[in-house]
Every structure is written in structure tokens, then in C-alpha cells.
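*Asks:* Residue-level listing of the chains:
There are 6 protein chains.
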Amino acid sequence: MKLSKNISTFLGFDNEYEESKIVVFGSPFDGTTSFRPGTRFASNVMRSESYGLETYSPYLDKDLEDVNVFDGGDLEFPFGNTEKVLAMINEFTLGIVKDGKIPVMIGGEHLVSLPAIKAVYEKHKDMYLIHFDAHTDLRDDYMGEKLSHASVIRRSWDFMGDGKIYQFGIRSGEKQEFEWAKEHTNLTKFSCDGLAEAVKEIGDKPVYITIDLDILDPSIFPGTGTPEPGGITFKEMMEAIKTMQGLNIVGADIVELAPQYDISGVSNAVACKILRELVLAI
Amino acid sequence: MKLSKNISTFLGFDNEYEESKIVVFGSPFDGTTSFRPGTRFASNVMRSESYGLETYSPYLDKDLEDVNVFDGGDLEFPFGNTEKVLAMINEFTLGIVKDGKIPVMIGGEHLVSLPAIKAVYEKHKDMYLIHFDAHTDLRDDYMGEKLSHASVIRRSWDFMGDGKIYQFGIRSGEKQEFEWAKEHTNLTKFSCDGLAEAVKEIGDKPVYITIDLDILDPSIFPGTGTPEPGGITFKEMMEAIKTMQGLNIVGADIVELAPQYDISGVSNAVACKILRELVLAI
Amino acid sequence: MKLSKNISTFLGFDNEYEESKIVVFGSPFDGTTSFRPGTRFASNVMRSESYGLETYSPYLDKDLEDVNVFDGGDLEFPFGNTEKVLAMINEFTLGIVKDGKIPVMIGGEHLVSLPAIKAVYEKHKDMYLIHFDAHTDLRDDYMGEKLSHASVIRRSWDFMGDGKIYQFGIRSGEKQEFEWAKEHTNLTKFSCDGLAEAVKEIGDKPVYITIDLDILDPSIFPGTGTPEPGGITFKEMMEAIKTMQGLNIVGADIVELAPQYDISGVSNAVACKILRELVLAI
Amino acid sequence: MKLSKNISTFLGFDNEYEESKIVVFGSPFDGTTSFRPGTRFASNVMRSESYGLETYSPYLDKDLEDVNVFDGGDLEFPFGNTEKVLAMINEFTLGIVKDGKIPVMIGGEHLVSLPAIKAVYEKHKDMYLIHFDAHTDLRDDYMGEKLSHASVIRRSWDFMGDGKIYQFGIRSGEKQEFEWAKEHTNLTKFSCDGLAEAVKEIGDKPVYITIDLDILDPSIFPGTGTPEPGGITFKEMMEAIKTMQGLNIVGADIVELAPQYDISGVSNAVACKILRELVLAI
Amino acid sequence: MKLSKNISTFLGFDNEYEESKIVVFGSPFDGTTSFRPGTRFASNVMRSESYGLETYSPYLDKDLEDVNVFDGGDLEFPFGNTEKVLAMINEFTLGIVKDGKIPVMIGGEHLVSLPAIKAVYEKHKDMYLIHFDAHTDLRDDYMGEKLSHASVIRRSWDFMGDGKIYQFGIRSGEKQEFEWAKEHTNLTKFSCDGLAEAVKEIGDKPVYITIDLDILDPSIFPGTGTPEPGGITFKEMMEAIKTMQGLNIVGADIVELAPQYDISGVSNAVACKILRELVLAI
Amino acid sequence: MKLSKNISTFLGFDNEYEESKIVVFGSPFDGTTSFRPGTRFASNVMRSESYGLETYSPYLDKDLEDVNVFDGGDLEFPFGNTEKVLAMINEFTLGIVKDGKIPVMIGGEHLVSLPAIKAVYEKHKDMYLIHFDAHTDLRDDYMGEKLSHASVIRRSWDFMGDGKIYQFGIRSGEKQEFEWAKEHTNLTKFSCDGLAEAVKEIGDKPVYITIDLDILDPSIFPGTGTPEPGGITFKEMMEAIKTMQGLNIVGADIVELAPQYDISGVSNAVACKILRELVLAI
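Protein chains in written order, with this note's numbering: chain A, 1 to 282; chain B, 1 to 282; chain C, 1 to 282; chain D, 1 to 282; chain E, 1 to 282; chain F, 1 to 282.
Once the Cα atoms are required to be at most 30 Å apart in a straight line, the calculated BS3-like pairs of lysine-lysine come out as: (1) B:125 with B:21; (2) A:98 with E:5; (3) C:62 with A:182.
If you're looking for bench data, these hints aren't it; they were derived computationally from the structure.
Only chain A is shown next, with the shape it has when bound in the complex (with noise of 0.2 Å):
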């Protein structure tokens, strides 16, 4: 007989990495987590799920069969140690992004997005940053730490400055965070109202969208570390993709899932949907 070594791709996404346009890697980190760990099994706990999915979307009606995708697995960080793990995200997302490929990534908690949105930005100086997430993640530093889940919108505005960023869906920070909004991002509370605007406004345009999954209402999507309930359903979510489908999408990343909490799968399930949509969108 010939038998080939076990392959695990996420379903749908099994091209070979030169013939693929988008690439897509986990980066299973959940270290500075302040709540609930657990994001680190997220990227592992979606490939072996993903097979209760079909390929075709009657959303998009599309099918990912039609699109070339590579999945290359996760990268291994050493434990303890926040920024190698940074360092590790930024170099790899540089690498794809020089092959002229869209990376997308599957996190880890928040803050695995901060490298690379900063890699893709090393080459789209003119980058839109498309923010959903219940939480602003603007503080200055969270108990000290400047490099936090929390401060990871803040952070990327460290570098893209004011007007560049779009958040929607938001409804929890501390009062200074919604106040700092005010006046360098365009942040929506609560809904996704006015993103076909953004849309517009952003026009050609590279842009980079980073989903933490807990925009959602956790009635859909319980498997997280911190649920916020008031969310937006998964139809709104849909319709959200729909409406960037025009978007010249140069990166994306959507994280914290934390499956464990939700032992019905149906969160699992959730962000394996998103995640199909999200690479039909690009």
C-alpha cells in the first residue's frame, strides 16, 4: 500500500500554499487572558470540528471549493513568555504578507491580533482597521501591562492614528475608554448600524477586519471568556459580512472562542460559519 502521513485542514481549506491566495494559521495564545483562559484551544478544536460543515454558503452562494485556501496549522509559542509570542505572530503574518498572500488568523485571545495587524500595515500604510468586539479595548494598559487583550485596539492606534479605526458592536469599557473613542475612532455601541457607510467611506481602500467573536450575543455564542450579553445575532453577523463583501480586504483574524465553555459545540460551530463566510468575502 502508499499511505500518507494524517493531514487535519480546516474544511475546505486543503490547496497547497503556493496556489493559494489566502493563508490561514492559528495562533493558539491566550496568556494575558484576564478572565476565563482557553483560547488557545480554539484553532485545534475548529479543524476537527469543521467536517459537520458543508462547503457551500446560501448566504454568499458561494463555495469554497471555488477558492484556493491554505491552512498551515498552528504556530508553537513557548509559555510565560508574551512578547516572543508577538514577535513570533509578526514575523510569520510578515511572510505571507510579502508572498503577496491575505493572511487570515484564527486566535488565541485578543491581543495574537495586534503583530498582525501591524504586518499587514508594514505594507498597506493606508490601512482601515474594521473592528467587532463588545469590549473597546482601548485602555492604556490593563493593570499595568501595556501589551493586553484589553489594550489591543489601542495599541494598533499607537501606529495608525486617528480616523483610521471602525469599531461596532460595543458595550463594555470603562467610561474613559468610550470618552477617548470619541475623538480618534469611529465607535459604534451596541450594533453594526452605520457599517455600510464605513464601507463607503472606505472605498478601494486596503483594510484589515479583526472579529472577536464576542460581539456576538453569548445566547449564540456562550464559548468565550468573557460573555457580554446584548450582542448581535448571528444574522446580523451574516448580514455584516455581506455588506464588506466589495472590500478590498488585505488581512483579517477572527479570535476568542474558547470552546470549553460551551460543551453543546454550538459556538465551535458559530466561528467555523464565520470563518467560511469571512474567506468566501475576500
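Start from chain A and add chains B, C, D, E and F according to the hints.
*Replies:* Positioned in the frame of chain A, the structure of chains B, C, D, E and F alone reads:
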């Protein structure tokens, strides 16, 4: 003392067979389930937990105490022999139908509907089928098998033919299934829109209702093998049942509850309430 | 070193008794729960997990840091003696009321509201009661017992009388309860429609608010003993609290969280947020 | 067709009352449980899950098919009224005893044993009590309550007196309880050592066996309200039952299974097997 | 960059097929499981979680790094067609055997052992079978089905004949099965006593080892469909593997892990370690 | 009324700091955990659940009421900054030691022991270390990190030197670790054999005891990140503590409880009891 053996029926379904118009029974089979098995436990758990329910429905303003329903327990199946199981269900349902009663079956996976639908169809050749589901269930075969939960509506079409089948809530399937449906069934994507029209078209013709509970959004019904976000709400389901109240219902089933994936018990409570409303609507 | 004993209060409720206007305490009793016990664990879990919350509410644009609230911990009850438990709650609440403070109690099952309502009523005989719940709670007795979670509003009516009680979100009960309500309370089925009118009618009269958290849809609040699908959303609950902001609230409670039925922790997060908003609204 | 209502009995306990020597019934009460309630679910779950068992015991080389046992289902209790519950158990057990049959009760918390022991004692005043447990259960009162799961053996002693009670496996209690035991009962710490001698001493006198399943090590029996590590193994329990085979057993119970704390189902399998062996040993 | 697809093998089983002496593969089938299905998930979970393991065994003082093992992933089965599944396993195993390699299969339910045993037997007609299990698995049929997990050893006997089969740890079965075993197999109840003698008797004859993991006590292995208390300890299992080290092992399997019944992950850790030791012992 | 803030201490540890000989505190850190995080929740859960315990130990025949113990709650750590966390623990422990009290720390992952051991070592340079664990914890680095839970004993050896460290229960590690141990520590594989001799050798020298709870068999302690079957029993642990009773214990910790992996609560009960015994033994 005089004591008799412990009897366990679904709440309020406590009439004798002879005096009942409706006959409830369970078909605890999940042999072709491709993703996560466990629907075999549904009928037993529903019976045990139904005492948390009330007999009165504020939705329909009716009470189970005013209806005669018999609960015959579960069929006992051999394991691993799909064809024998289907034959047993068919025969049992035929017995009920011949006695002039209305069968209401609790699944089990969706494939158990096939022999029940066939049995009722034997008596009512002009019968319509209303199908609530997240999935098309229209595959001609699944991994080479003609008898599969993913083919149950296609197999029903084999003998019912074009124009007799209405499908609602569908949001998952292969591209070909959606295309096939355009010519052979009345398929409504995502919602129950158009149900009122369907009810009008069917008029007083006999109709069989098959409810795959995964039509519901997994936020309210996580306890199923293949949860599909983007489903209908419980209130929409209640509305749908109300809409069908006037129909000449000659058979029905609810399938695909897998209670162990929802340790909160909510999915089971949902299934129990839908069963109560369905029986009250008949 | 100088160290003091470990203190555990609900997030932001860290004032001393003397300086506080609002007094929070727990009544961990679930002795008459008929279906699934466990509400006894609610107050302790809410305290432990509240640190996942923020003190600022973007709904009301208020911050807990601007309010004086004392958290007195839980009452310690004898087990199996319902009457003694109720007497202890009544006495404790009376103490708070006599000190001119507003009691906010965390249940426990709904029966714990009875002695608290009674205690507040002693001082405010013209008091109104706003009742949020999935269940009528209007049974005259439950399996022969007059003191039951299923009778708590009926027992409150015993001394409050007709026209003083508003009920919202009700979707479960016996036929007779719904009929009895027509003459004695203002009952709204399924939703909070009419709350704004009720608020207008009550004006500046004193009012006690009792929130049975199972008014919420179990999709967002599965952690309760008797989940009833078809409930209100979290956003509707937030809206309701906002609507009641201007009222002269003299007492309140939130009951029926049973945290162990929701291992995702979402139900607990919901309860914590409602408690925060409720306190901010007072 | 001819169909009869669904009957649910414990595996192999399918005889009619009149023809049976042993009568099994459930007392689903956990009203004085101080730590974690849930034993009310035990009897129902044991019935449902007993079909995973076989009727033949390789330990005793006996088969349930050779014994006549009747399963009368569960008593239905009012909630929150401890005294009424105990009276109901007492009356029901008396009925069985008067009919010359042997009661075998499934708890519920340990307090349910008290009225059953009392009922059997009415007929057999020279009765002995063999008590398997992790806890002494010898408190005179618990938080002021005389009727408590923590007092059940002390309350039995009230009418049985000194020298009639043997206790095994005890590893938890207050200092005073251990000291009190020295004068009034035969208490063996940690193990079942000395059981063979006790059996010899009792000879052919009538004996009631009460098994609090938490005598077992929680490694094999985690499904109980107050798990106490350091217990006996399942094999030691089997050995103990074998040792008692020759005794003149006039009543028995097994209590304190709380199935929801062990979602693996192992605790329930253990309880079912012990019940099978106990009945075979009688 | 140069990147290759994500590979997922069991820890340390990372050699190519050609260079390997041992070939590991999964047979995720649980179609005849009578009680609680779920063994279909075992091989995938074992692969994912094996990275919690170390490659070095202090029991055998050997390291996986010194052995050449290939992991071919899982076979893909049609659902609901038992015979086709068994044929696929048989054919695949034959391929391995013909290539002169030793198959080590991960189940799945115990029935998957039958076609693997048969395939190895084709080459080694003088083969012995060592069977570790809680259950006899000697039924001639189960609810009318000849091919059942409860019949797998009986079906193996059909072609292996008397005196070739050793059974250890057996503690559950029908009376007739125990009696049948007396004449046809070497059955040891409850323990592995006599294994050393069996090893001596077998000498250097080829031997197939089938380990139904439910031989282990459910205290250490709750993650299985039909837990049977009274099993052997993990240390006894380690001892047994050590005892068999010198044997001429020509095939092996471990079956009946159902990981979802043990959310602690312990059962999976146990299965992984036993697989590591088994492979090191070959 | 006069009321004071809610205090939450471990059962019976209710003395003031000044009057106490023993100081208990929690270090909820799990930042270098490589497999499954969650030990950060241990100390809080242990406090909450300790009320299920009794103050009297029948093992040691001692009562917590006769000992003065202070519970200072948990340290509050920045997330993602390992070095700062270790410095905080070191400083806090030094404070206790300087006040002439004995620190007893609740982890957290095992790395938290390092700064505590170092702090105690500052005062007692002739100190011994008794180490209970499943793992060697002797790696020089783990994925490049010197500060890791897998290196904690190696790092302690860095300043303690040869011959001062006794290790018991070890059953997992790399080959090199076991070999390194032969020259530098006294390592006992699998069991606590030789503890009595160690106690004799140590005599009245100061000794620090570090208990990684995963030394226990996961049958009784599944609630840990990396369960290793083949561990010691609870009774053996009790025996070990008894054996060490006479020692001059100057510091201790128990680490690696991850309560969320054991929803039965047994692991937590085990940890609480070991903490009680440990404190009584000091």
C-alpha cells in the same frame, strides 16, 4: 395495599389506546447520524422531564386535559441494522393508521420519519408534506448510502412526487440540493415565510408535518447533533404551529433532539413544549 | 506586615453599611423548588464571578463608583424548615428598612421574595409591586402547600390587594391562574408591553420590583430551574430597567438563577449585569 | 392493535405487587440537604439507566430472573414540608411491611431512611441496623433542626437504643459525634473491618440495612452531594454484601445518589449494581 | 516562505509508512453500540490530546523516539451500513499485514476488532487472541443481530476455535455466556490473574491483543459507553502490558473509549498512555 | 442594625493575622501552563466550597478550632508578565516569614512555588524540600523558557544544591530528567516509599513541603491540567502527611488544582481535605 407497576408517559398523554385519537410513540434510532449521535435518548428524556411542563398552553389557549392522547412508549430496535429498524417503524405506524388514529412520532434522527411518512401515505395518497428543518435533506445518497438522515425528504419525494412537499427554514446543504429543490419542492430559505400561503393551498387535503428541531436557532436549541446558527426563534415556531391549526393533519413527528449536548435541559424543554403545542393543534 | 481577612463582595458594592443607601444581601434558599433545585448557589457565584464585569454601564451611562452600596453577604438558613427561613428574611429586611435603606435581595427561589415584600410593605402600605416572570406564581396552593415558589405573588396579593400588582412576561401557568389574574392583577402575557403606562400610573408612589430571571428567554438565561422558551431578550430587559429609572423604588430582588445548569457562565453574567443596572437605576 | 401504557421499572423488577417478596420504591426528597441538593433525581435516573445492566451477577452467581421483585415507582411529595414527607414514607413502608413484604427504598437524602426504619421497627422490635456511610449522622441537631440528614442515625437510636446499630466506613463528622458513638453504637472508622463479626453477632435476628452510597470512595462514586475522599472501593462493597447474604434482612435502602454531579453516568451504574446485588442478597 | 499542510499524528508516531514496523490507524465506528454511542470520536481526540504526553515511559524505560511508527489517520466510513464498514477495515488491515507490518487499531466500538483479527488471522493461522474486557462479548446474537459489539469474541471463535482465546477482567455478561466460556475459552473473572501463565503457554506463537478499555475500573476510565465498576486498576494494566512484552505480537487494538463521557480528559489520557505502552511493548 | 462586609475565608481559618502562626494565601497564576490552564481558579473555589468540610480530622484526631490560622485571600497579579508575578509572590512570602509565621500557599500552577521556596530559603539556608508530584519538574528549560512549571524543582536546586530535595510519586518526564535526578535529588518513582526514611534523615532541620496535587491518581483527582494515571491514592497521601507530622515544617504549598475540569467537585473536596490535614500537621 393495592399497587400497580410504575407507568411513565409524557405529561398529560395518559389515556388508554382505545379511547385516544392521537398516538404518541418514540423511535430511538440514530444509526446513520454522521456527525454526533445521541438522538436515541430523546423520547425517554422527554418523558422524564415533561413533568416540568404545564398542561395548559397560553399560546393556543387549550389544555391537554381536554384531548385524548395515548403514549405507547418506545419501539425496541436491533442495533446496526438500518433496514430492519425502518421496517419496524413502518409496520407500527401502519397499525396506528389502520385503527383510524393519528401517529405522532418522537425521533430519533430524521431518517425515522421516512417509514412513518410512507405508512401514512399508504392511506392518504393525496397527502402533502410540510417539512421544517435547517437542512435540505435532499441528497440522493450520502457516502453511497441511499437511506440516510440526509436523504429523508428526497426518499419521500420518490413516492410523493413533485409539488407535494413544502420546506421551511432551510439554511444548509450542497449547492446541487438547493438547485434540485427549485424544480421539485417548495423550499423557503432561512425562515417560515410563505407558510400561511402553503396552508391555504393545501386546504383540507391531508398533511403530514415533520419537524426537524434543528430548524430552531441553536441559541434556544443547542441539543442537536448538527447545530446550524441562523435558525428561527421559538416564537416563530409557535406562530407556525398556530398557522397550521386548521389543517387536516394525519401524521406528524419531531426529530433530532440529542439531549446530552445541552446539559441545561433547555433543548428538552423546547422539544416538550413544541410537542404539546403540536398535539393541541391537531 | 499588616493584613486583614479576605473580603468578598459583589463588584463595586464595597461601601460600609452606615454610609450606604442600598443594602444588598443573599437569601440562598431553594426548599420549595419543585423541579430542579440549585438557586441556593446564586448569590455566592455572583459575588465570585462579578469581577468579570465593569463598573460602568453604557446603557445608563452611570458608574457604580458613584453610588454607595453595601453587600452584607448571605443569610445562613436552617435546612428543611421553610417557615423559619421566611421569618429570618422578614426580620433582616425589616432591619434594613427601619434604617432607612433600600433592600436589594439576591435569591434563592422566588418564595424568598414574599417576606422581603412584606417587610417593605410594612413601611410603605401604598406600595406597588412590579413582577417580571415567566410564570404567573398565582396558585393558591401547590400540592397542598400555601407557601410555595408557585404562590408567591398570590400570597403577596393577600395583603396588597387588587390593582397594586403588575405582571410582565408571563407565559406559563394553569388556566385558572390566568383567569384569576384578569380580576386581581394587571397581567401582560409574553412581553413587557405596557410597562411605560404602568410606570406613569404608579407615578411617585413607592414600588417594589421583583425580577424572576426566568422571564428572560432561556437562550440567554439557561441557568434556571424551570426554563421556559419564548421569553424576553436581554435588550428588552435593559429597556425595561431604563423605563423604570424614574420610579420611587423602595425595594427589589432578583431570583431564580441556578448557576450550575449553565456551565458556560453566561446566565451568571446576565444576572450580574441586571443587578448592576438595577442598582444604578435606583 | 392492542397497546398498553408505557411502563418503566428498574431492570428485572417486573413482577406484580401481589406475587413479590420484595417491594422497591423511590423517595425523591432532598429537602434538608445542606451542601448540594439533587438526590431527588436518583430513583428516576436509576430506572431509566438500569437497562445498561445485566440481570445476572457474577459476584453472587444469581440472576434477577429468579427473584420476584415489584417496583412501585416514586412517592409524590409536597415541596418544602419535611414532616409531611416523612409521614408519607412511614405510612407507605408500613403498608408494605404489613403485607409481609420487604421494603427496599431508593433515596433521596439520608433522612428518608428514618421513617422507613421506624416502620420496619414497628414490626420487628428486636431489629438491628447496619449502617454504611462516610458520615456519622449522629448529630443531635443540625443548625437547630432535629430532623436532618446529619441526624438520621441519632434519631434512629432514639427508639432503637444502645448496641443495636453497627456503623461502617465512617470518616467524617464532628469530634463529639465520634465520642458519642463510643458509648452508643458500634462504629468502625474508614473501612468495613469487623462486618463478619457483626453478622455473626446478629445471627438470625431481623436486620435493616441502610447504605449511604457516599461510603464509597468518590473516585468510583462522585455523584453525591458531599463527596468524602478516602472511602471504600466497589469491590469492598461487593464483599460486604456477600458477607451479609445469610442475614435475616427485613428492610433496606440505598440513598444519596445525586446523579447530576457525575455526567459520566458511572455513579448511577454503581448504584444500579449495588441495588441489584442487594436485592439478590436478600 | 515554504509551508506544508498541517499534519496531525499521535505523539511520536511521525514516521513514514515505508520505514515503519508498526502502523496505527483509527476505525471510528459505533454503529452497533446498544447503550451510549460515542466511540467514533476516540481516535481523533486521542491524536489531538496526545501532545500532553511524553514520549518516554518510566514503566518500560523505553522511548517512542527509538521506535518507527506510522499513523495513517482514520478510515472514512459510510453511516448505518455495518457490513460495508467491517469489509473496509478488513481490507485495510490486510494491506498492512501483507506489507509485513503490524497493525495497531484505535476503535471505535469493539465490533471493529473482528475484521482486523480476521485479517491478521489470514496470515497467522496459529494465532492466539488475548482479550481484555469487562464483558464476555460471547453472545451468539444480540437482539437478533449476529454482528454486534456483544458478539465480537464469539465471532472470532467461529474461525479461531477452542483453546486459542484468553479472556481477562470479565465481570459482566449473561449466565449462558459464562457457561459457554468454560468449554471454549480461557476466561478469568474480575482480574488479570493467570496472564503470566498464558504468556508462557503461548510462547513464541503469534498473538493478537485486543483491549476493550472498559476492563479498567470506571474510576480511572469513566469515558466509555457501558461503565462497569469493579475493574482493574491502571497499574494492573501497566503490569499486564509488561508481562506481555516478550510475546510475538502480530496485531493489536484498543477500543471503546468514548471521550465525551469524561470531560475531565482523564480517560483520554489513560487511553493515550496505554497506546504508548502497547506500542513500546511490541 | 450593625453589619460588616462579607468575609470569605477557608473553613476554620478565621483568625486575625497577628494572632496566627500559619498564614494561608492564594497565588492564582497559570501563565506558563502548557497543556490546559485553569489553576488560577483553585484558591477561590476552595474557599467557597470549604464549608462542605468539617473542622475535625479523624485521621489526625485534631480540630482546626484548636489552631490559629489566618487566610489573607489571593494576591492580585498582572496578566502575561511572569517575572513580575514571581517577584510579587516572593515579596509577600518574605513578609510572612519575617513576621515569624509559616506561609502555606495555594496555587496556581507549580511555578508559583519557586518564589515562595526561595523566600523561605532566605531565612532557612539549611532547609530541605519534600516534593510530591507526578512529574519530575527538572527540565533546564521548557521550549526555551527557564521559568516554567516544568522547571520549578530544577530552579530550586539551582540555589539549594545536591542532596536537599526529596521527590515522591514521580511517573512522568523526559529520560534525561530521570537521569539527572539520579545524581542531584532523591527521586522515588510511582510511590511514596522511603518517605519515613527521608523524615528520619531530615530530623529537626527546617523543611518546605510542596505538593503538586497531580501526584494523586486522577481517579480521585481529575481536576488538574495534566492528569497522569498511575498515581497514589488519597489514603496514601493521608499516610504521607501523618508521617511528616513531627517535622519542622517552615513553609508549604499545594498546587495544580484546576477545578473546572472536575464538575463533580471531588477534586476540590480532595484539595480542601489535604489542606486541612497539612495545616493540622504543622
